[in-house]
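Student: Here is what each chain is made of, one letter per residue.
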Amino acid sequence: MAAVRQHQQHRLPFRYRDRLMAWHAPPWRLMNAAERRRYWWGHWRLAVPFATTLLLMLAMTAPLLVPAPVFPHVALLGLFVWTTFQPGLMPPWLAFVLGMVADLLFAQPLGINATLFAGTAGFVRLFEARYGHHAYGFDWAVAAAIVIVFEAATWVLMGVGGQPIPLLPLGWQALTTMVAYPVVVALCARVQRVAFGPGVTP
Amino acid sequence: MDWTPPPRRSTAMRREQNLALVSAVVSGAVIATGLLLIVIARVNPDGAARMRGFMLDLVTPVWSVVRAPFDGVGRAADWANDYAGAVDRNRRLEAELGAARAELQRAAADRRVLTTLKRLDKLAEPTRTLISTARIVSATSGSVVRSAMVAAGRRDGVIAGLPVIGADGLIGRTIEAGSISARVLLLTDPASRIPVIIERTGQVALVVGTNRPALEMRDKVGADLPLRAGDRLVTSGDGGVFPPGIPVGTIIDPQEPVLVRPAAHPVGAAYVRIEAAYMAIAQDAALPHYDAPVPIEARRSGGGSPAPATPPPVPLP
Numbered sequence: 001m002a003a004v005r006q007h008q009q010h011r012l013p014f015r016y017r018d019r020l021m022a023w024h025a026p027p028w029r030l031m032n033a034a035e036r037r038r039y040w041w042g043h044w045r046l047a048v049p050f051a052t053t054l055l056l057m058l059a060m061t062a063p064l065l066v067p068a069p070v071f072p073h074v075a076l077l078g079l080f081v082w083t084t085f086q087p088g089l090m091p092p093w094l095a096f097v098l099g100m101v102a103d104l105l106f107a108q109p110l111g112i113n114a115t116l117f118a119g120t121a122g123f124v125r126l127f128e129a130r131y132g133h134h135a136y137g138f139d140w141a142v143a144a145a146i147v148i149v150f151e152a153a154t155w156v157l158m159g160v161g162g163q164p165i166p167l168l169p170l171g172w173q174a175l176t177t178m179v180a181y182p183v184v185v186a187l188c189a190r191v192q193r194v195a196f197g198p199g200v201t202p
Numbered sequence: 001m002d003w004t005p006p007p008r009r010s011t012a013m014r015r016e017q018n019l020a021l022v023s024a025v026v027s028g029a030v031i032a033t034g035l036l037l038i039v040i041a042r043v044n045p046d047g048a049a050r051m052r053g054f055m056l057d058l059v060t061p062v063w064s065v066v067r068a069p070f071d072g073v074g075r076a077a078d079w080a081n082d083y084a085g086a087v088d089r090n091r092r093l094e095a096e097l098g099a100a101r102a103e104l105q106r107a108a109a110d111r112r113v114l115t116t117l118k119r120l121d122k123l124a125e126p127t128r129t130l131i132s133t134a135r136i137v138s139a140t141s142g143s144v145v146r147s148a149m150v151a152a153g154r155r156d157g158v159i160a161g162l163p164v165i166g167a168d169g170l171i172g173r174t175i176e177a178g179s180i181s182a183r184v185l186l187l188t189d190p191a192s193r194i195p196v197i198i199e200r201t202g203q204v205a206l207v208v209g210t211n212r213p214a215l216e217m218r219d220k221v222g223a224d225l226p227l228r229a230g231d232r233l234v235t236s237g238d239g240g241v242f243p244p245g246i247p248v249g250t251i252i253d254p255q256e257p258v259l260v261r262p263a264a265h266p267v268g269a270a271y272v273r274i275e276a277a278y279m280a281i282a283q284d285a286a287l288p289h290y291d292a293p294v295p296i297e298a299r300r301s302g303g304g305s306p307a308p309a310t311p312p313p314v315p316l317p
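Line by line, the protein sequences give chains E and P.
When we follow the working numbering, the leftmost residue of the first sequence carries the number 1, and every step to the right adds one.
When we follow the working numbering, the leftmost residue of the second sequence carries the number 1, and every step to the right adds one.
Hints are supplied without guarantee of correctness; some may be wrong.
[To be verified] Quick look at which bits of chain E chain P covers, simulated, 3 or more residues with Cβ under 8 Å:
#, region
1, 76-89
2, 135-142
3, 150-164
[To be verified] Over 12 Å on every C-beta distance to chain E, these chain P residues come out as not near it, computed from the model:
#, residue
4, V26
5, A29
6, A32
7, V39
8, G47
9, V62
10, A86
11, S138
12, I175
13, R183
14, P190
15, N211
16, R212
What the hints contain is simulated information worked out from the structure, not anything from laboratory work.
The beta-carbon is built from N, C-alpha and C at its ideal position, and this holds for glycine as well.
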């Protein structure tokens with residue numbers, strides 16, 4: 001398996017974590033002061049997926065423009081996109097932390113988004129290992145399926161958590177979330193290119 | 001910086017397998033923790049109140065700053081609008097003012113009579129107390145919980161369970177409070193229940209949010225008078241939180257389910273009044289009385305409260 005991965009490395013998306021981890025760093029004594037500084041300061045990239053998703057989540061609490069609850073769940077889309085772009089930087093435990101923040105921010109019972117975000121990250125990780133790196137349309141379809149399951153599970157878990165809610169608005173939110181996928185993926189791709197360089201290893 | 005990674009060895013593979021195992025275990029543990037948290041939230045909904053308040057305090061100032069320029073633009077547009085249609089509006093308002101003056105004279109007479117009657121009946125009425133006037137800085141537009149954040153918190157005396165009233169009518173009630181911010185449950189949230197009275201017929205009912213733009217009116221009490229589109233609903237004062245007479249909405253569809261358009265919209269209401277609960281129910285009123293006298297039968301059968309411990313009799317020498 002490792003050999004296969006080594007062979008495929010030239011066409012896999014560039015995963016920055018592998019370069020930043022200490023055991024892949026160049027020997028300390030071979031770097032001059034400027035290179036060491038660049039190496040250490042380069043670690044801010046580790047926080048990019050988390051920070052981007054957090055900002056998307058914050059955007060969801062923006063003063064509402066429409067009375068109907070149709071704002072897309074962009075935080076979920078951000079989570080999905082970053083789990084496909086940088087799986088090493090969006091592990092399920094980090095998704096759990098993001099979900100806790102979402103629960104506190106959206107006044108939902110604690111644990112609902114936490115469970116669902118962690119589950120989503122874990123699922124995408126397994127799915128990518130098996131069927132990874134597909135066409136754009138395929139990724140969109142997978143995201144749509146995840147959004148539908150996510151909203152349905154939210155409905156169930158809100159009932160379990162003691163705050164039952166009607167299902168219909170969740171359906172509308174699922175629709176707008178599917179439509180918003182291209183915008184979020186374009187945004188995250190831009191961030192990815194700025195922070196991590198071109199998408200394919202040179 | 002670019003350094004050739006060391007060639008893969010079997011130790012590397014083993015390490016990768018170990019890491020995969022650890023990651024799977026951590027993921028499972030994290031999901032299990034989440035499910036456990038949901039169960040805890042069901043049993044103890046107010047458990048994370050402090051954390052929620054802290055998060056509110058972090059987010060609210062951000063939106064206060066972000067929306068300031070937009071508010072400025074909106075105000076400038078309002079001014080421009082004011083100048084544009086000033087003459088037309090002036091004529092219309094003068095016509096309305098004539099009708100309103102006549103209405104006001106009748107109302108003044110009514111109020112005098114009402115005051116006299118109340119004095120005759122020695123009717124004690126609770127007064128409305130303003131706690132804080134604050135700005136709505138943001139509102140969730142997701143489809144799970146409909147809430148807004150206001151920039152006033154425990155430091156201003158705002159706690160959970162207070163009525164929030166805008167210029168046009170009722171906005172909601174506070175459910176969480178941080179030290180400088182609070183969260184308002186809007187009328188449109190499915191958890192919101194507002195006791196109302198229909199102005200025209202005098203029937204009481206509940207207005208319930210359904211997470212859609214329109215509210216629903218349920219549990220109408222009283223004679224079965226037909227409703228009309230356009231009937232106004234105001235708060236009835238039942239339940240002790242909302243003061244009576246605050247506009248809640250207008251019936252737009254009198255068929256079941258009765259749909260109600262809210263009177264106030266949280267986006268339009270830049271500033272809201274947060275008042276004290278109209279008739280706060282004392283917290284200890286519902287608690288059971290632990291030091292109630294024990295019936296004599298229970299005492300005889302030994303089922304009452306334990307008798308005060310007496311020292312065992314000391315045998316005399």
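Student: Tell me the numbers of any earlier hints that the structure contravenes, in ascending order.
Tutor: Per hint list: 1, 2, 4, 5, 6, 7, 8, 9, 11, 12, 13, 14, 15 and 16 violated.
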